[in-house]
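Visitor: Starting from the structure of chain A, add chains B, C, D and E with the ligands where the hints point.
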Amino acid sequence: QRRSTDPDIAFPAPGRREWAAQVPQLRVGVLGGENEADRLGRFGPYRELLERTFQIPVRLFMASDYAGVIQAFGAGQLEISTMSPAAYAAAWLDTNGGVEPILCTEEADGSISYVAVMVVRADSGIASLEQMRGRSIVWSDPNSASGYLIPRFALRRQGINPDRYFSRTGFGGGHEQAIVAVLQRQYDAAVTWASGIGEEAEGFTRGALRSMVEKGMINMRDLRVIWRSEPIINGPTTVRADLPASFKEDMKLFHLALPRAHPEIYRQIERGGGAGYREVTHAQYQFMVDLRREEAQERRRRN
Amino acid sequence: MTAAASAVARGEAAFRAARRRKRSAALLGAAILLGCFLLSAWIAEADPATLRAGLPRIGEYFRRILPTLRWEVLFAGTGTEGSLAFWFYRLDSWALLLWETAQMAALATLTGFAAAALLAFPAARNLAPGPLAYHLARRSLEGLRTVPDLVIALILVWAFGVGPLAGILAIALHSTGALGKLFAEAIENADLGPWEGVRAAGGSWAQACRFAVLPQVLPNLLSYGLLRFEINLRSASVIGFVGAGGIGEELYTAIASNYYEEVSAIVLLIILAVACVDLLSERVRHRVIGAMEGAR
Amino acid sequence: MLELQGLTRRFGTVTAVDAVSLAVPDGQMVGIVGRSGAGKSTLLRMVNRLTEPSAGRVLWDGRDITALRGRALRDWRADCAMIFQQFNLVQRLDVLTNVLIGRLNRRRGPLAGLTGLLGLFTAEERARALGLLDRFGLAEAALQRAETLSGGQQQRVAICRALMQEPKVILADEPIASLDPANAEAVMQALRQANREQGLTVLCNLHQIEVARAHCDRILGLRQGRVVFDGPPAALDAEREEAIFGDTAPAAPGPSGPARAPAPPGAALVR
Amino acid sequence: MLELQGLTRRFGTVTAVDAVSLAVPDGQMVGIVGRSGAGKSTLLRMVNRLTEPSAGRVLWDGRDITALRGRALRDWRADCAMIFQQFNLVQRLDVLTNVLIGRLNRRRGPLAGLTGLLGLFTAEERARALGLLDRFGLAEAALQRAETLSGGQQQRVAICRALMQEPKVILADEPIASLDPANAEAVMQALRQANREQGLTVLCNLHQIEVARAHCDRILGLRQGRVVFDGPPAALDAEREEAIFGDTAPAAPGPSGPARAPAPPGAALVR
Amino acid sequence: MSGARRGGAVPRPSPSEVAAWRARMPRAFAPAPARRALRWALGGAFLAWLAWALWQFGFTPQRLWNGLSGLTTILRLMVPPSPGEQWAEILRGLGESLAMAFLGTLLAAVIALPLGALGARNVLTVGLLRFSLRRVFDGMRGIDQLVWALAYVRAVGLGPLAGVLAIASADVAVLAKIYAEAIENADRRQVEGIAAVGGGRLAQLRFGLLPQVAPVILAQALYFFESNVRSAAILGVVGAGGIGLQIAERIRVRYWDEVAFIILLLILTVAAIDALSARLRRRLIGGPGAARA
Ligand SMILES: Nc1ncnc2c1ncn2[C@@H]1O[C@H](COP(=O)(O)OP(=O)(O)OP(=O)(O)O)[C@@H](O)[C@H]1O
Ligand SMILES: Nc1ncnc2c1ncn2[C@@H]1O[C@H](COP(=O)(O)OP(=O)(O)OP(=O)(O)O)[C@@H](O)[C@H]1O
Ligand SMILES: [Mg+2]
Ligand SMILES: [Mg+2]
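Chains as they are written, first to last, in the working numbering: chain A, 648 to 950; chain B, -4 to 291; chain C, -14 to 256; chain D, -14 to 256; chain E, 103 to 395.
These are calculated hints, taken from the structure and not from any lab test. C-beta: ideal position from N, C-alpha, C; glycine also. Warning: the hint list may mix true and false statements.
[What the hints assert, rightly or not] Over the 12 Å line for every Cβ pair with chain B, so calculated as not near, a few chain E residues: (1) R138; (2) A139; (3) Q188; (4) I192; (5) R194; (6) I213.
[To be verified] With a Cα cut of at most 16 Å, we get these calculated EDC-like pairs of lysine to aspartate or glutamate: (7) A:K895 to A:E926; (8) A:K862 to E:D359; (9) B:K17 to D:D79; (10) B:K17 to B:E7; (11) D:K153 to D:D46; (12) D:K153 to D:D60.
Isolated chain A, as found in the complex (with noise of 0.2 Å):
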């Protein structure tokens, strides 16, 4: 799998191409990953950029909600976006394997993948997920891969029924939200994401625990970290399914080759962090597309 640390990646030549009689216009999505400041970006320059490239017209659409970009990826409306891994699995089965995946986000330490954790009060007493029995955890939101979906699926793999094996389970309503709910006594746990790496006591590398540190809004002397999941890969830039093969082979190359050959562009998206670009496929998303079937039929058997 090429990666944008790769030496031997050159950045496209500009250029019309054949593709452009199928994609009169590039359509492309900006959804936030779980790293939500990804949204912040300046995307003007990479916009133009992707124009001079192809030489075709370019739109940006910055959505706060994936809803509409799956529907616009089904109603074959939209060409490429970035998104999380749960929103391109909600939107792979949404249009029968119609959407694929080219490329996810390398951070600066070389890992592409970010973990939940769950967090107690420090001076709670409790030290490891088999204290929490009978305790009660938040969710973030319904919709949060981290904060919901995958806790849940890791811990049924682990062989724990999240809602059983806790007293009380309920939502914050976001990553925020639930870790306030903990620090003022309303739920035992919370479950959040973060980088996995780095000092836990400054919120590690990245993560909500991290922002929240940053802005002086909780002290992590006052959180301890008792469970971490297993590595979940950053959501991956996707593209229709039905596109010409050498328009994705183009969109890979342009991206990947973006760090080096436009760092400031690379910096204006990427917000500082992170080194590049590593290419994907779909069977590395597909745990969290059989985790959404799971769910729906979990839900369909009225829990």
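Guide: Coordinates of chains B, C, D and E with the ligands only, in the frame set by chain A:
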């Protein structure tokens, strides 16, 4: 005769002058409106061709969310695909959610209604007891409805933790701002004759509000209040945002997870609730307006 | 004693009331006459402080009414009942409550404000209001909404509200405009009776000069905001009447221009 | 000829108009008098079909007005102008347009509806309206909004609108209640003139019986919805007047008076 | 005391007179027993519900009191407000939002006006038709804005156009209801005046009703415009940008100083729209005091 003729001529001249003035004002207004229209249409990319091509496809999404019901099994059990029971398989939990949400919305709307009714009298230009009270009331209403309810909700989460309490308070605050403005405008439209009557009888400001203005505007206030109740009933963002669930949050979950048939089922339930509130609103309003029949 | 000193009110370029000075001894009944737009309503409204004077003062027993604020102003208004040309009833409330509103400012005690706001009136107050309504032939209509009454009935409700205030002064703005002669007579007599028996001061705007002649102690003629006659009815001869109502000077009602009188005799009606 | 046959209207338990039968030959001017609440307004409103009768019929030249619908009803209303006690002007439109509205139903032709809705009136129609307004001293106010006029001025605008309709019948509900004597006289003369010169039938509610005497061919006395006098002014002597206005029967409105209450001592003012 | 002062313009009633009046007109002293019982029952039920709901949702004085300390956590982070590095983006978002809200609201108001007239009981006298029309409004109001947005995304793709259409669809029904009620509240006498000259239905609407309800129509349209400018949800879903998205994004990443800046910007915008609304309304209603001459 000549006097009359000259009066007519003068009147006609004045009419023409007024018409010219009105016409040029109207023309200017229309030009500005047209300009704004074209500019916003351009920004919004409202291309007639796109519209023509796309509008026939609006039905697509609605077709997707509607279930495929089959006659033969319409009244079969939850397990049979194509039956009503299969479509509404979570009816019990949805009904419960709707009920719970209605309670939260009712409490929030009630609080907001009361606060707005108190603030709206000083915020009405024609009744304001003084410039200070007027500006204070106006500005606070403006602030309350401009600060996004999500921001209010997050601030309240830090104060009261997650759950209905923060959500209800956030909605109540937002409703106060939204209703207060509407109330103030209704009050500004009221007839001031009775107001003078009560004041002239030595009634205080509050008494005049209560006896002279409130009876006039009550039907309006009630209908705005019930409309706001309806909006709060549907509003998902805030209640979901503070983790208090609600039917709106359930709808968003169904939409985001593409549980299509559930979307239409929940929407139908909400429509039912909305229709109930509307019927109630109509009845209450006409009761308050009373038999206006032949009011001379 | 009610005194007006140089009372003036301007609306834009129109001077509705122009330096009216006047002293009304207690218990006098004054009829104010004048053409439409002469400033009669504006004059009464300034006494009650519903319209602020542009210049001049109103004094009651030597106290400057023009300077009152808050509670004191409300008390003055309660003492000085106003009957409006357009009744100013609360259309959606019933007749009884409309009359009881006259007592809002008569209540005292710690809970007065609250019970007043809640519309809790005592049985005694209600009986008093009903008695009053009955005197004007309206007791049966007490529970109807004001808006279902005929014009004359509404006028009488407004008068009941004023009497309910137990005022010291009554300001009546054309109290009989919508009434038939019998009711008009009854109302004028009621005002006269209140004036005689309780020594109330009454200022009463009237269109019909004969009515003023018949019931008032003193007549005030206004023309374009100025007092052009002031004296007992007996002194109001035809010439003076002409000065008040006549066409010799334009009787302009405000910005809308002269309210011209009769049509040119020969003019076809609809040309 | 306008005929009323057993016309009745009940509001709840109140019978506002009670089996009124009447034949008015063309070109007659009828004054309707009666106490406040006698049912005068309601009677006129039924002729114009703004209030539906509970029983009885209205006939015009033998045609049953009570059964008209749609276009025919509108044409009848256009032929039968109404001047309302409370003017019923469109407050936010200017005076001229308010008068021109009287022509809405007089326009014919394919575009009549459209130009009417757009408020496009011809110069000739405007001249006619301005001429009328001028006769009532209102030409200068033609472009003001109706709501800025004083009561008397609005009354006159309403009369202009009615005349603008070129009606066959005029129904006037207390057209002079808000006017001073000079203006009142002018309005009554205008009605009389229209009645004489164009042979219009006029039904006119009046409070002041002298006015009715002075201007009408025939006087109708109403009491509690029933006709208690019908004849020429000369026949209306003091005794008959007493029957209309007098105190012999209770003048109380509302549900027929039950046992009277303990009247406050010595205060039977109205009865 | 007042009675003593001047013998009473209204003689103070003796207890026996009060009793006599009470016997003659019991309704004037207290509502009918059945009404009173109903009132008590309803009042009691309401209070019971209120107490239950307050308890259920955790409105304890103690919790409210304790919570006050936490109020400042975010407010502290909001000062001083700062535009961040992307003030150009923010301004552009505001412009986009204004344009989309304007177009959507205009569309909605233009469609809602005739619909609202048809939904009013004093215009459409055919009860069944009106009933069904109002239920159609209910149906349209019940469909969430998000559902409209998705439907339009499938039709015209992502972008502002879908947002405009969704705003318009969701607002049409609400505005139609409000307009219908405004029309029902209008003064009947003026309409009667038109009917009395033989004016048809349309003429009655045009000359009798429209001048009366125009201020309400305008004020409501402007109010919806204002609230659409603020609303984030739909435009975010359809990827149309706008100020709502800008603020939502900053809330998500907790850039509170920038959130505060945008709020201030919004307050200014709202105040401007408010002032515009007041001016237009004053033109239509007429200056203060003009109504009474
Ligand atoms: N609020 C106001 N704004 C502008 N002008 C006013 C106002 N009130 C009164 N006027 C003008 O002041 C003048 C006097 O009005 P006022 O109402 O006192 O007359 P009036 O003698 O009571 O007439 P009428 O007998 O018709 O009631 C009129 O020209 C009127 O147009
Ligand atoms: N819409 C209505 N609802 C209930 N009662 C009504 C209604 N209209 C009229 N009435 C009653 O019918 C009776 C006659 O009213 P109407 O208006 O015809 O009297 P009027 O003779 O015109 O009196 P006025 O001279 O005071 O105008 C009154 O008792 C009145 O209260
Ligand atoms: Mg006056
Ligand atoms: Mg009448």
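Visitor: All the hints need checking, so say for each whether the structure fits it.
Guide: Outcome of the hint check:
1. With a cut of 12 Å on Cβ distances, R138 (chain E) stays outside the contact zone with chain B, its closest approach being about 17 Å.
2. The Cβ of A139 (chain E) lies farther than 12 Å from every Cβ of chain B, with a closest approach of about 18 Å, so its non-interface assignment holds.
3. For Q188 (chain E), the requirement that its beta carbon stay farther than 12 Å from each beta carbon of chain B is met, with the minimum near 18 Å.
4. With a least CB separation of 14 Å from chain B, I192 (chain E) remains clear of the 12 Å interface cut-off, as annotated.
5. Not every Cβ of chain B is farther than 12 Å from the Cβ of R194 (chain E); the closest lies at roughly 10 Å, contradicting the non-interface assignment.
6. Its beta-carbon lying about 14 Å from the closest one in chain B, I213 (chain E) satisfies the requirement of being farther than 12 Å from that chain.
7. Between the alpha carbons of K895 (chain A) and E926 (chain A) the distance comes to roughly 11 Å, so the proposed pair stays at or under 16 Å and holds.
8. Between K862 (chain A) and D359 (chain E) the alpha-carbon distance is near 11 Å, which keeps this suggested pair within the 16 Å criterion.
9. Between K17 (chain B) and D79 (chain D) the CA atoms are separated by roughly 12 Å; this keeps the pair inside 16 Å, and the hint holds.
10. As the CA atoms of K17 (chain B) and E7 (chain B) are separated by approximately 15 Å, the hinted pair is consistent with the 16 Å bound.
11. Under the criterion of a C-alpha separation no larger than 16 Å, the hint pairing K153 (chain D) with D46 (chain D) is consistent with the structure, at around 12 Å.
12. At roughly 11 Å between alpha-carbon atoms, K153 (chain D) and D60 (chain D) fall within 16 Å of each other, so this suggested pair holds.
In this structure, the one hint that does not hold is number 5.
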